[in-house]
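If you want the building blocks of each chain, they are given just below.
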Amino acid sequence: MLNGLNVEGSTPLHRMSVRTKLAILLVLGVALYFVSSLFVLVPAFVLAVGIYFTTGLPVRDGLSRLKPILFTIVILLIATAYLASIREATEAFFRLMALVLFAGAVTATTATGDFIDEITRLLQPLDRLGLVRAADVGLAFGLVLRFVPDIFNHYQAIREAHRARGLKVRPLTILAPLIILTLKDADTIAMAIDARGFRRPRTDRNK
Amino acid sequence: MDIRFSGASVSFGARTVLQPLTLMLTERRIGIIGLNGSGKTTFARLINGLVKPTTGTVSVNGLDTVRDEGAVLAAAGFIFQNPQHQIIMPIVHEDIAFGLKNRGLKTDEIERRSAAVLARFGIAHLAKRRVHELSGGETQLVAISSVVVTGPGILILDEPTNQLDLKNRRLIENTIAGLDEHAIVISHDLPLIERFERVLWFHDGKLVGDGPAPETIRAYREAAEC
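These protein sequence lines are chains A and B, in that order. Everything in the first sequence is counted per numbering that gives the first Met the number 0, starting at 0 for the first residue and increasing by one. Everything in the second sequence is counted per numbering that gives the first Met the number 0, starting at 0 for the first residue and increasing by one.
The set of hints was computed from the structure by calculation and includes no laboratory data. Careful: at least some of the hints might be erroneous.
[As the list claims (entries may be wrong)] For each label pair, taking beta carbons as the anchor points, the in silico distance ranges come out as: (1) A/LEU24 / B/LYS127: 24 to 34 Å; (2) A/GLU159 / B/GLY36: 40 to 50 Å; (3) B/GLY6 / A/PRO176: 48 to 58 Å; (4) A/LEU166 / B/GLU214: 43 to 53 Å; (5) A/PRO11 / B/HIS124: 23 to 33 Å; (6) B/ALA118 / A/ARG132: 30 to 40 Å; (7) A/ARG18 / B/HIS124: 26 to 36 Å; (8) B/HIS124 / A/ILE85: 46 to 56 Å; (9) A/LEU121 / B/ALA118: 32 to 42 Å; (10) A/LEU166 / B/ALA118: 25 to 35 Å; (11) A/VAL48 / B/ARG169: 24 to 34 Å; (12) A/MET15 / B/PRO19: 51 to 61 Å; (13) A/PHE151 / B/ARG217: 22 to 32 Å; (14) B/LEU178 / A/ARG18: 21 to 31 Å.
[Claimed, not checked] Once the Cα atoms are required to be at most 20 Å apart in a straight line, the calculated DMTMM-like pairs of lysine to aspartate or glutamate come out as: (15) B/LYS51 / A/ASP186; (16) B/LYS205 / B/GLU221; (17) B/LYS127 / A/ASP60; (18) A/LYS183 / B/GLU158; (19) B/LYS166 / B/GLU193; (20) B/LYS100 / A/ASP113; (21) B/LYS51 / B/ASP67; (22) B/LYS100 / A/ASP186.
[Said to hold, decoys possible] To give an idea of the interface, some chain B residues facing chain A are shown, with a C-beta separation under 8 Å as derived from the structure: (23) LEU49; (24) PHE120; (25) HIS131.
Quick caveat: nothing in here was measured; it's all calculated off a predicted structure. Cβ coordinates follow ideal geometry from the N, Cα and C atoms, glycine included.
Isolated chain A (complex conformation):
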């Protein structure tokens, strides 16, 4: 959900429980998927814009959060227009943007800790059946939100290093060091999570 950072506030969305917000988001996601009329999709988009920008997000920050996902949506639209029709691409645009904005509004009005707690609670029945470890899934979700800005910082550092060396910035030459850096971080982060006593103890020795 965008860059995962909430803003302080007391809007109705801030006061709403996480479970209700996620339920509404789920219903909207499913409902909009079945709607193809622009008479419904455009008002939904306008409503989403209104909600998104009344969460307390500064306009510039709000727009910059949309940039990365816009890139993906544009690629999808071009493919849809090429493979189907311009009308279907337009419908897809309003549908996806409405969902992205609704999701962004939920993210902006919910603390990460509350997200983790709610996801952990929702998965408890599966945890009791031994199918998942609810706390681990909740933490994984929180980690994604927490480390998106860090990965973005890595990306910027690698891009600057390319420029400093007079190299052309290409997605492929950026992706490899970015993945390596992220995986190296992931090892230490996993160890830090152990050190902070989150996971159940292991009893194995170093092989």
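Mind docking chain B on chain A? Use the hints.
Using the frame of chain A, we list chain B on its own:
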């Protein structure tokens, strides 16, 4: 504090990164020095069970780091070289509360303890800040606070002044000097540990020096300059 190494060694496959070691640590301030790759971090990670001994045993206050891993982790907190890696939550007060939540404390108690630790380290004003917006010194203080809040009696700090400017280095130096907890500090920043009661010097996975800070640091400097 009573940390005992009994013939503890660490190997990764055929490579031995720490030779068998038998010693006892009881001092309030212990420094660990040595060149890069000398085994300092492995030694420190053995203490709180992040690394398990391949041979021998390590115990902390009578708790075995393999058998009693959970209790050892609670007794000995670890502050990583890059504090960004150990800050799990995006907002400062959420991260301070993270360790307490995992221990199942009630909300009132979490809030009370979090506020106390933030005040203790003079960072109460940062409580609602995003962690990726903090300065290096602030990030290090948040990392220390997030470990101290859970009440470990021992703190292990891996190069806590690494990449900090002079002002922030002084800040962290004073913070470490003022800690009530026992502190084991790995550092290349020799002035940081020069007043410590004991310094261990590692080289090529072996403990080659162990004694009061002035003597051990002098020997280390002389060896490094050769």
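Inset, instruction - Please write out, lowest number first, the hints stated earlier that are contradicted by the structure. - result: Numbers 2, 3, 10, 11, 13, 14, 22 and 24, in rising order.
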